[in-house]
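Here is what each chain is made of, one letter per residue.
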Amino acid sequence: MIARIFVTLKPGLLDPQGKTIKQALESLGFKEIKQVRVGKLIELELNHSKAASAKRDVERMCQKLLANPVVETYRIEVRR
Amino acid sequence: MKFGVVVFPGSNCDEDCFYVLKEVLRQNVVYLWHKDACLKDCDCVVLPGGFSYGDYLRAGAIARFSPIMRSVSEFSKDGGLVLGICNGFQILLESGLLSGAMLRNTSIKFICRYVTLRVERTDTPFTNRFRTGQVVRMPIAHNEGNYTTGTNELRQLKLQNGVLFRYCDADGQLTPQANPNGSTEHIAGICNRPGNVMGLMPHPERSAEPELGSMDGRLVFESLIHAMAAV
Chain A
1069 MIARIFVTLK PGLLDPQGKT IKQALESLGF KEIKQVRVGK LIELELNHSK AASAKRDVER
1129 MCQKLLANPV VETYRIEVRR
Chain B
3 MKFGVVVFPG SNCDEDCFYV LKEVLRQNVV YLWHKDACLK DCDCVVLPGG FSYGDYLRAG
63 AIARFSPIMR SVSEFSKDGG LVLGICNGFQ ILLESGLLSG AMLRNTSIKF ICRYVTLRVE
123 RTDTPFTNRF RTGQVVRMPI AHNEGNYTTG TNELRQLKLQ NGVLFRYCDA DGQLTPQANP
183 NGSTEHIAGI CNRPGNVMGL MPHPERSAEP ELGSMDGRLV FESLIHAMAA V
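Heads up: the protein sequence lines correspond to chains A and B, in order. Position one of the first sequence corresponds to residue 1069 (the working numbering), numbered consecutively onward. Position one of the second sequence corresponds to residue 3 (the working numbering), numbered consecutively onward.
No incorrect hints appear here.
Computed cross-link-like contacts, SDA-like style, restricted to lysine to any residue with a CA-CA straight-line distance of at most 25 Å:
#1 K1132/A <-> F67/B
#2 K37/B <-> P69/B
#3 K111/B <-> S1095/A
#4 K1102/A <-> S109/B
#5 K1090/A <-> T150/B
#6 K1123/A <-> Y58/B
#7 K1108/A <-> Y58/B
#8 K4/B <-> V26/B
#9 K1132/A <-> S78/B
#10 K1078/A <-> T186/B
#11 K1078/A <-> T150/B
#12 K160/B <-> P1137/A
#13 K160/B <-> V137/B
#14 K37/B <-> L1133/A
#15 K1108/A <-> S109/B
#16 K1132/A <-> H36/B
#17 K1132/A <-> D57/B
#18 K1108/A <-> G12/B
Computed list of chain A residues with no C-beta within reach of chain B, every gap over 12 Å:
#19 M1069
#20 F1074
#21 L1093
#22 L1096
#23 G1097
#24 K1099
#25 I1101
#26 K1102
#27 E1113
#28 L1114
#29 S1117
#30 A1120
#31 K1123
#32 R1143
#33 I1144
#34 E1145
If you are wondering where the hints come from, they were derived from the structure by calculation, not from laboratory data. Backbone N, C-alpha and C define an ideal beta-carbon position, used for all residues, glycine too.
Start from the sequences, fold in the hints, and give me the full structure.
Here is the structure:
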């Protein structure tokens, strides 16, 4: 079972890294960019056989450690 | 009176804190290894600066689960004095002993230089040797010093007079240029509601001797000594 967690800054929080990357892309000639935000991908390989229980455990991992609820949100994908 | 300086894997300001307390201020001080649960009867616990666990995941995110932190948490709930410096402040935020979080500096640069700070409040165990409004100099050295918190939490923090230091210019003004990292309302150091836990991003242990260019940081430790002697 593979779980992929996308951790991103909460919308509305300034992302200076994203802003810098946007400027870099624009300087390379890519003009159609509205916004860039940078996050993290955390990939877990799990022993679970059922996706539902994997998702439940990963949810708890996110709340306890993997994401800081003050400034980050997360999205979980689980697949075999 | 006894100070304890916690050492996490990756802490690198523990020796400076120990040195200032022991050699400069002649205090009884011990190291506290992060894996131990025992606080060795310390009256004040210092969480020093550095890169605990390499700042992996988020600065302080893993150190907050070290065995010593459970003891530090209980100690703080019983009114024990806890001082978190730089990475130590980040660990206190991640552990919820102080409210808020750190974001990356808005300049996306690691900033290592002296800053001027305004002392906002002096009736705490950490600031009683300062004067309210005093402008002091201490060095910062960090990549994630942009303090942020929710709107309600910020209001609460201010209602509780929880802001102890703000980044300012030489005249004590909160100009944009005086804010090195974009920190909300120029916040450089805060305490919890009871006033026994403090975190600050600048390094008082690097501004405690004349040779290093400023003695202002020494006043944080002298305030603690004064507060502990009064008990």
